[in-house]
Amino acid sequence: MWPAVTATACILATVWVMAATRIDAPTAAAIGAITTPTATVLVVILQRTRTADHELRPNSGSSTKDQMNRVEAMVKTLVIEQGDMRRDIGGLRAENRDDRKAAADDRRAASDQFEELRGWVRRIEKQLKENP
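Take the sequence shown: its letters are residues -19 to -1, 1 to 113, numbered as in mature numbering (1 follows the signal peptide of the UniProt record, and there is no 0).
Don't take every hint at face value.
To be verified - Have a look at the derived ranges for each label pair, beta carbon to beta carbon:
no.	residue 1	residue 2	range
1	M66	A33	36 to 42 Å
2	D69	R29	45 to 51 Å
3	R67	R31	42 to 48 Å
4	A91	N112	27 to 33 Å
5	V25	M55	23 to 29 Å
6	E76	A33	38 to 44 Å
7	I70	Q108	28 to 34 Å
8	S41	R78	48 to 54 Å
9	Q63	L98	50 to 56 Å
The set of hints was computed from the structure by calculation and includes no laboratory data. Idealized CB from N, CA, C, for every residue including glycine.
All chains, please: the whole structure from these sequences, using the hints.
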């Protein structure tokens, strides 16, 4: 539809220019031949620009802008969740480090108690050998 309207407008403009400036018919036809395709291209560019402009405006979900807004919101949510996971992992590392330290302390304490018991056993065995 738009190319037909454009062609009609170009023809009318050519007739008006011919009448206003007293240009002869061949020159007016040449001007029309140049302006009609140019105007058609301009109309196509205008249509595509309107389509692109429409896609960049929010319209309750189906436009590119709405999709970009949803992706942006999801990315923000993921960044927050990633920060929470980092804190959780950091906390788990600290707990693990504390647990390993406590286990090492417990092993040392058990080893010390075992050596103390071993010493008692040796003393008792020595006393039993000396006093049968």
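May I ask which of the numbered hints given earlier this structure violates, with the numbers listed in increasing order? 5, 6, 7
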